[in-house]
Amino acid sequence: MTEITRRTALGAAIAIPAAAAMARTALAADPVEIDLFFPVPVQGKLADKMKELIDRFNAQQSAVKATAVYTGSYDDTSLKTRAAIKAGKPPGAVIMSANFVREYVINGDVDPFDPIIEKDGKTASDFFDQFWPALKPNAMIDGKVYGIPYQNSTPLMYYSIDAFKDAGLDPDKPPTTWAEWIDAAKKLTKPNGDRWGINFPCTYDYCGWLTSAFVMQNGGQYYNHDYGGEVYYNAPSTQGALAMLDTLVNKAKVMPPGVSDANACTGAFFAGRLGMMLLSTGSLSFVRDNMKSPYKVAFLPKSVRNAAPIGGASLLLPKGNTPERQTAAWTLISWLTSPEIAGEWSRFTGYFSPRKAAYDLPEMKQFMIDHPDAKIAIDQLKYAVPWFDTFNTVAVRKAMEDQVQAILSAKVTPADAVAAAQKAADDLLRPYVEQTALKAIG
Amino acid sequence: MRASGRHLALIAASTAALIWAVPFAWMAVASLRPGVPPDIASLTPSGPFNLGNFKEAWTSGSFPLWYLNTLLMCGGILAVQLVTVSMAGYAFARLNFPGRDWVFSAFLLQLLLIPPLLIVPNLATLVTLHLYDKLLGIMAPYFASAFGVFLMRQTFRSIPRDFEEAAMLDGAGVAVLIRHVLLPLARPGLVAFAIVSVTAHWNEFLWPLMAVSSPRNQVLTVGLASFASGAEAGSAWGIIAAGTFLVAAPLLVLFLVFQRRFVSSFVFSGIK
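For the protein sequence lines, the chains are V and G, in the order given. The working numbering puts the first sequence at residues 654 to 1095. The working numbering puts the second sequence at residues 906 to 1177.
Don't read these hints as lab results, they were simulated from the structure. Even glycine gets a Cβ: it sits at the ideal position worked out from N, Cα and C. A portion of the hints provided could be inaccurate.
[Claimed, not checked] Part of the chain V face toward chain G, derived, beta carbon under 10 Å:
1) Asp701
2) Glu705
3) Arg709
4) Asn711
5) Ala721
6) Leu732
7) Ala737
8) Pro744
9) Pro976
10) Thr980
Turn these sequences into a full structure, and let the hints steer you where they fit.
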């Protein structure tokens, strides 16, 4: 660890003068103007903060003049980016949902970072060692770096200390296994919906994210992390995870039936009507600011093993930029992902910083002491697993989400659900599989 | 019999109005409640109330700039549309030229296309015309309106030809005819179209998001989304409600002021 830390610190020390040197050579010419498309996935004043960062970047160097362009949700951002690439006006860089990177690679809409990284005298894998290892499968695809992690999250268990005490549970010993979890939930649940034991959002996107967590906790892989054409929806590990959800809602009745969204969960949690909820680490700041009674956070409970999928966003290099604009984008990206800035963004948003060295800085160490909940989010990273990404990611993800939502409404059995989800996913993946894995040779 | 029918209609209309009014009432109530109250869904909360959300929403974005851009956009689109739709409407209503009905059908077919389908081709055109990332670029695709042409054609056709013939006897040319005889008579149609056009473009999100990147060219809907949409965290509904109120307020005020004229225009033109 210390060696890596020293190396990354050294890397940062070299990178900054290098960027400055680049700035000096380009000084004679006008600055290269680039756009940075960014979504605001968590509410609050993030858009203002992003503009402030970009203003600071523009003031610190004169080679690049960047403009931060707010581009809506993650989906809107992807839509706008694709349309802009097709129209021949790609932005210099984009902050993109990390699980969309693979599709950009499959569609040929993005350039790899490798040539620029090599120009800085590093190998791609050395470069990537500066980031948490679990981020790699969503960013390094087919051996090349296509995404630079920028803001990341995992799911976390939030629980109310008052509710735990009231139910006779020890707030210092949160449940660590599925069995303990359901047991605690039974004790926490009060009749007539006065208090539920467990809840988590299962709207689209959130639902697939948490389902993948349960499946991987149950020992499974959920999907092929190296190839975008395969999912393991009808594996025993998946069926077991769905059976656990079925138990929560329909047998033990410790979770509200039907599909809840994030607002319903936080609303009930703030009001003392929910004992435990699973929510993104990206919500740490929001919960911290709005929860009036004491609460704690803990790792997600395990079945066979601990697992928490990565979420969040990476920086991409859209196809169609000139080398000059790519260099400018790289200057911006290097600055945004430097330990200082990455740490600052993390403290402001509640996302964890993908850059390991950010946690060696004094302000970050102090922050971890002041906010033990943020510390637990970081500790859980040793169990982090990659984020679901395949060909046609959203549709394939929905194939499972529709079935999980049906289970939460008691409309289907786990066995039927996994069969239906696998069939729907296979149909969606077929065009890609036929062009790749099943392509006739010779 | 007739009286009871009228009562039924009144009850049905009131119910519909009530259902329609609930989200507005909730928005107004929620926008006045500070923080994240647990009973945020309540229509009759006990308080406290203040204007903090409005203050926060206002300072979260550049509302004056967004208002100006949105006004320019809606006004610009409408100004050009009024000219194009009345001229095209006149051509289809009164002029005889070969293939007229075919061309008109082709025009109407355009109504069947959903706008997102045209995002990429339209963007490519904007780039060629050097209108990408300009306010004029948001407006350009809307300068001709199939719906407006259809509406004006029907309006012109409902005006008796006697007026035109009388004017022509007095020596009026086509230009004078349209400007001084037909357009004043077609005013209710134009007003109805103006309302539909302004509301549609005022509320539009996707196309302005696609066509413009620079913050200085941003419009209200995109600006609102920059602090109101959140996927991973719970939402501060109070601020969202206040922001939405700020976006919708000008249209609401406009409607209240011109209510009578709007309603009579819609009744005249048969739009419901």
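Quick rundown of the hints versus the structure:
1. Asp701: Holds, because the Cβ-Cβ distance from Asp701 (chain V) to chain G comes to roughly 7 Å (cut-off 10 Å).
2. Glu705: violated, 13 Å
3. Arg709: violated, 16 Å
4. Asn711: Status violated, d = 13 Å.
5. Ala721: holds, 8 Å
6. Leu732: holds, 7 Å
7. Ala737: Where the cut-off is 10 Å and the nearest Cβ of chain G is about 7 Å from Ala737 (chain V), the hint holds.
8. Pro744: holds, 7 Å
9. Pro976: Violated: closest Cβ of chain G sits about 21 Å from Pro976 (chain V), beyond 10 Å.
10. Thr980: Violated, about 20 Å.
Checked against the numbered hints listed earlier, the structure breaks hints 2, 3, 4, 9 and 10; every other hint is satisfied.
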